[in-house]
Amino acid sequence: MVSITAEYISVGGNRHPAAADWDIQSGILAYGADNNVALWDPLDETQRGVYAVLVGHSEKVSVVRFYTCPTTGTKLLLTGSVDCTVRIWRAEPTDSRRFTQAVTLTGHTGSINAIATAEGLDIIASGAADGTVKIWRIEVGEALNGELLENLPMKPRYYFPLALALAPLPTDNTQDRPVALAVAGTTNIVQIYAAENTVETPNFRVSATLSGHEAWVRSLSFTADMQSKTGDLLLASASQDKYVRLWRLNRGEASSSISVPADDGDDEEVPVLGGLVEPTLSNKAHQFETAGAKYSMTFEALLFGNEDWIYTTAWNPNPERQQLLTASADNTLTIWEQDPVSGVWLSVERMGEISVQKGSTTATGSTGGFWIGLWAPDGEQVVSLGRTGSWRSWRHEAESDIWVQTMGITGHVRSANGIRWEPSGGYLLSTSADQTTRLHAQWLREDGQQKKTSWHEFSRPQIHGYDLNCVDTLGPGRFVSGAEEKLLRVFNEPKPIAQLLERLSGLTQSTEGELPDTAQIPVLGLSNQAVGEDVPVGDGDTPEAESAGQAQANQAILSNSTRPPLEDQLARYTLWPEHEKLYGHGYEISAVAVSGDRTLIATACKASSIDHAVVRLYDTSDWHEVRPSLAAHTLTITSLSFSADDRYLLSVGRDRQWAVYRRTQEEPSVFKLMTSNPRGHSRMILDADWAPASDSQQKSQIFATAGRDKSIKLWQLTGESIECKAAIPARSSVTAVKFLPHAYNGVLFLATGEDDGKLSIHQIKMDGVEPSPLVSFDRAESPSKTITELSWRPFSRVNGEAEGAGLSFELAVASEDTSIRIYSIAGVVSEP
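Anchor point for the sequence shown: position 592 equals 592 in the UniProt record's numbering, and the numbering is continuous, going up by one each time.
Be aware that one or more of the hints could be misleading.
Derived DSS-like pairs: lysine-lysine, alpha-carbon spacing no greater than 27 Å straight-line [as the list claims (entries may be wrong)]:
hint	residue 1	residue 2
1	Lys486	Lys452
2	Lys710	Lys672
3	Lys710	Lys765
4	Lys134	Lys155
Simulated from the structure, these hints should not be mistaken for laboratory data.
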């Protein structure tokens with residue numbers, strides 16, 4: 001019985017302020033990851049990271065909210081997407097950490113922007129880019145049902161709702177409590193709707209219009225006022241005008257305020273500075289009546305201090321501490337608290353980065369600020385999501401009363417296009433259309449008598465200005481990558497990263513020569529320069545010298561660290577210095593492959609004519625191009641692969657053909673076209689790979705090709721002839737194939753990935769080239785989009801299981817759904 005376990009899932013979060021929620025009861029944090037929903041337990045002591053991904057939406061997930069049914073206590077997860085649907089996921093009865101899709105709410109005609117829930121209420125609200133807010137009643141029984149109760153168009157001025165907040169109003173009637181709904185969005189007002197929460201349609205109506213903000217309002221949050229004896233509510237509204245406004249909603253009529261009629265959106269209120277309403281200032285009250293009771297809403301305080309847009313607000317779930325957390329585009333998380341003596345709301349803690357640093361704001365730099373800020377269930381930890389898709393975490397240390405940054409998780413935010421293991425299997429490199437190359441490795445440690453293992457991002461060797469398409473390793477401590485530019489770049493591993501990997505992952509690398517120091521990207525440059533090459537540290541007071549000195553200081557801290565790097569370190573101080581540029585292609589790089597002996601690099605670029613559809617070879621001894629280039633194709637070459645013995649080079653392309661080039665005996669660096677098949681598949685060929693050669697098969701070689709024609713073909717090279725031995729049909733286009741690097745008892749193992757994310761493993765008898773299916777991955781555990789590349793972990797790092805239990809392998813998978821996954825495959829029987 002073959003068992004498959006996802007050992008590691010790396011996926012970045014969507015940059016939408018509502019695309020994450022941290023459940024108070026279970027401690028699970030769910031966030032949108034492309035068109036999926038990732039589940040993570042930040043309080044897990046094993047530091048595992050994402051443990052599951054929910055697949056269901058067809059477009060990017062923009063809203064995530066946890067909800068507990070007030071009658072049955074059933075835990076639900078509500079998700080909204082650009083696909084205009086709200087999906088409800090139900091916690092599995094046997095495992096509350098797992099969710100299955102239960103129902104889909106349809107009716108919106110625009111992207112879902114916000115979902116509001118409230119404890120004790122059986123209704124939810126959803127707001128979308130169609131300019132409406134819909135009210136739904138959730139019924140949980142044998143079957144879960146969502147009933148549309150009401151549709152609220154945004155009036156009087158049509159706008160898109162971006163933020164919603166629900167709360168039951170203070171009342172003596174505990175059975176049918178009236179409800180308040182706050183709505184805001186692409187306007188500078190906040191509208192308060194009120195309704196009776198009866199069995200029939202609630203009949204929400206605009207009861208107050210709060211003015212004062214000067215730009216779009218991005219977040220709304222209700223909480224019960226701890227200091228109020230009458231059950232007053234506080235509403236926080238955050239805006240792109242860089243301010244947070246607090247509003248008080250209380251039962252009864254306002255005594256010392258100027259009353260205004262409901263739905264009056266043109267009032268100018270008196271600005272209040274410092275967060276305290278002076279009794280001498282008049283504060284207009286918005287009064288309304290619902291369910292036979294009167295209510296009023298007044299401006300409470302103005303919170304200022306941020307230097308850029310404020311995206312989210314969140315109240316501390318700890319009922320003993322009334323604190324407000326805000327996340328801003330100025331790269332800070334701020335905790336606000338009311339002074340018990342003066343009543344002034346003050347900034348008591350600020351985490352993140354100093355906003356005056358270069359590149360810290362949305363307008364001037366690449367950092368892009370914090371999009372989401374969330375509290376832990378105990379109120380002693382906060383997390384934030386930034387532009388790079390990574391989660392940062394801070395924990396409050398009660399003894400010293402300071403907030404200390406702790407381990408978060410990272411991941412790509414756009415299509416993961418390439419992956420490759422380091423030759424010994426010590427780490428995995430991945431490249432993405434998010435213009436980064438990342439290094440993933442295991443963190444091995446002991447906690448008392450217990451050994452712990454978890455995967456983390458250890459380095460971000462390349463932060464580029466072009467989308468990255470492919471990557472391959474050049475031995476320990478060196479790799480080459482290709483991007484949407486005409487050249488390839490070769491990088492060397494810096495000494496601090498090698499030391500970090502040796503200490504935390506147990507990876508000892510034998511490299512030739514001295515390793516370089518840290519690297520940095522110069523202003524207006526794309527090349528990672530080793531610190532000290534052009535600007536010696538301490539050479540004057542130039543910004544470059546200061547930056548270089550800071551980089552070296554942080555690298556010294558990193559090399560002595562006892563844990564993997566944090567996100568701010570990854571983004572600034574784990575770059576690899578660039579060693580070489582390889583020129584020659586006329587268009588964007590499409591494929592790269594390195595020979596087994598690391599002496600040759602084969603590359604190809606995007607092409608629409610025979611002039612550019614060539615394979616170029618580079619000699620790694622002095623980086624010169626080996627001429628002439630290899631011509632056979634007429635369109636873009638999609639994949640390149642060297643045979644296990646480096647005697648042959650295989651290329652496949654969009655012109656439906658494959659070509660095999662043979663190494664010449666006179667000049668080992670020169671290849672010549674041996675044969676080609678102009679109709680290898682009926683549609684374009686997307687990937688290919690050589691099988692490992694066994695001792696009994698030295699006179700023949702096997703390779704596989706995968707195409708858009710929904711098939712995998714197995715070819716056998718014997719002497720000068722190549723014959724198609726078998727074809728494996730697939731359900732959709734096959735986009736990735738990869739042979740296990742070793743054969744067992746004359747049996748090959750071939751992993752395949754398809755256009756819809758399906759993963760399968762086939763076993764092939766080398767004698768006769770007879771394929772048969774071995775296992776298909778569970779669709780719920782597989783990526784949701786196209787598989788871009790597969791890579792088996794080298795066997796020097798993979799141990800076989802006990803005799804009779806089968807073999808154990810690890811397979812890395814890259815997908816267009818932005819995820820990088822490592823699967824452990826156990827129980828594979830190798831009998832022929």
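(request) Take the C-alpha atoms of Lys134 and Lys155, compute the straight-line distance between them, and say whether it is at most 27 Å. (result) holds (14 Å)
(message) Holds or violated: Lys710 and Lys765, Cα atoms, limit 27 Å.
(response) Holds, at about 22 Å.
(message) Need the status of pair Lys710, Lys672: alpha-carbon distance at most 27 Å?
(response) violated (30 Å)
(request) For the pair we were handed, Lys486 and Lys452, check the Cα-Cα distance against 27 Å. (result) violated (44 Å)
Hints 1 and 2 from the list above are not met by this structure, while the remaining hints are.
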